[in-house]
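Can you build the whole structure from these sequences, using the hints too?
Letter by letter, the chains look like this.
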Amino acid sequence: AQSVTQLGSHVSVSEGALVLLRCNYSSSVPPYLFWYVQYPNQGLQLLLKYTTGATLVKGINGFEAEFKKSETSFHLTKPSAHMSDAAEYFCAVSETGGGNKLTFGTGTQLKVEL
Amino acid sequence: DTAVSQTPKYLVTQMGNDKSIKCEQNLGHDTMYWYKQDSKKFLKIMFSYNNKELIINETVPNRFSPKSPDKAHLNLHINSLELGDSAVYFCASSQDILADQETQYFGPGTRLLVL
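Order-wise, the sequence lines are chains U and W. Terminal number for the first sequence in the working numbering: 115, no gaps in between. Terminal number for the second sequence in the working numbering: 121, no gaps in between.
Just so you know, the hints here were simulated from the structure itself, not pulled from any lab data. Glycine included, C-beta positions come from ideal geometry on N, C-alpha and C. You may find that some hints are simply not true.
Simulated restraints on C-beta separations [what the hints assert, rightly or not]: (1) K69/U <-> F48/W: 16 to 26 Å; (2) K59/U <-> L33/W: 44 to 54 Å; (3) T56/U <-> L119/W: 39 to 49 Å; (4) Y16/W <-> S13/U: 22 to 32 Å; (5) Y40/U <-> G34/W: 39 to 49 Å; (6) E67/U <-> D44/W: 23 to 33 Å; (7) H83/U <-> K73/W: 39 to 49 Å.
Under the rule of at most 30 Å between Cα atoms (straight-line distance), these lysine-lysine pairs were calculated in the BS3-like manner [unchecked claim]: (8) K25/W <-> K50/U; (9) K112/U <-> K15/W; (10) K50/U <-> K28/W; (11) K77/W <-> K102/U; (12) K42/W <-> K59/U; (13) K50/W <-> K59/U; (14) K47/W <-> K112/U; (15) K15/W <-> K102/U.
If we take Cβ atoms under 8 Å as the criterion, some of the chain U residues that face chain W in the derived model are [stated by the list, open to error]: (16) L49; (17) T52; (18) G100; (19) T107.
Printed below as a string of C-alpha cells:
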C-alpha cells in the first residue's frame, strides 16, 4: 500500500526566503507524484507532477520539485517566497493500475511573513 | 467558465437528515471522483466513476451513495447524516482513469456541517 508523509504540518518563512516543503512516499512500484495547493476556502489546484523522464519538475508560480528515487522523496521548493504563496500544500501519489486514485499526505500549511 | 462546480457551497443540517451534493464538470472528462477532507484537512478518496461506471469505492459507509446520470455529473447522496459526516467534500474530474498520471481538477468544495 502506498503512503505519503509530509514532514512539518506548519512551515513559516520570510518573504523572499527559500521555501522547502518535504514529502516522502512509500510505494511498492514507482509512483506518479503530485503537489497540489489549496488556498483558503478553495479547491485544490495542481502545482506540478512527476510521471516519467526528467526528475526535476517545474510547476506554476515558480515552484519546482525533484524526484529522488533513492530517497523516496519529492520535496517542493521555491527560491523566493511571496506573500501570495501562503496556503496549504498537499503531496500526493498514485500508482500504476490504481485507477488514478490519489493518496494524499496530511498537508503543510505555509505561512509567509514580512 | 467554471471547470468543476459543486452545489451547494455550504450545507448545514440536522442529524438523521438525508442530503445531496451535486457536481458537474464541463471539461469533457470521462472520470469523476469524490473526496472527503476532515477537520484536520486530511483528504481521502471516497468514490470514482468512469463513464458512469463505479470504479473505486473506498470502504465508505453505505449511507453514502454516488450517482452518475451522465459522465459530466456525479452526485453524492447521504442518508441518515451523522455528526462525523461533517467535513468538506470535494468533487474532481480527470480525462481518463486508465492513465494513473492524469491530473485531477477539483471543485471548490461543499462544506457540510451536521448538528
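Structure-based check of all given hints:
1. K69/U <-> F48/W: 16 to 26 Å: 25 Å, holds
2. K59/U <-> L33/W: 44 to 54 Å: Violated: the Cβ-Cβ distance is about 23 Å, outside 44 to 54 Å.
3. T56/U <-> L119/W: 39 to 49 Å: For L119/W against T56/U, whose Cβ atoms are near 43 Å apart, the range 39 to 49 Å holds.
4. Y16/W <-> S13/U: 22 to 32 Å: 30 Å, holds
5. Y40/U <-> G34/W: 39 to 49 Å: With a Cβ separation near 26 Å, Y40/U and G34/W fall outside 39 to 49 Å, so the hint is violated.
6. E67/U <-> D44/W: 23 to 33 Å: With Cβ atoms ~30 Å apart, the hint holds.
7. H83/U <-> K73/W: 39 to 49 Å: Hint holds: Cβ distance 42 Å, inside 39 to 49 Å.
8. K25/W <-> K50/U: Distance ~35 Å between K25/W and K50/U Cα, so the pair is violated.
9. K112/U <-> K15/W: With Cα atoms ~26 Å apart, K112/U and K15/W stay inside 30 Å; holds.
10. K50/U <-> K28/W: This hinted pair holds, its Cα atoms lying about 28 Å apart.
11. K77/W <-> K102/U: 18 Å, holds
12. K42/W <-> K59/U: 28 Å, holds
13. K50/W <-> K59/U: With Cα atoms ~26 Å apart, K50/W and K59/U stay inside 30 Å; holds.
14. K47/W <-> K112/U: 16 Å, holds
15. K15/W <-> K102/U: 24 Å, holds
16. L49: 10 Å, violated
17. T52: T52/U check passes; min Cβ-Cβ to chain W is 4 Å, inside 8 Å.
18. G100: G100/U check passes; min Cβ-Cβ to chain W is 5 Å, inside 8 Å.
19. T107: 6 Å, holds
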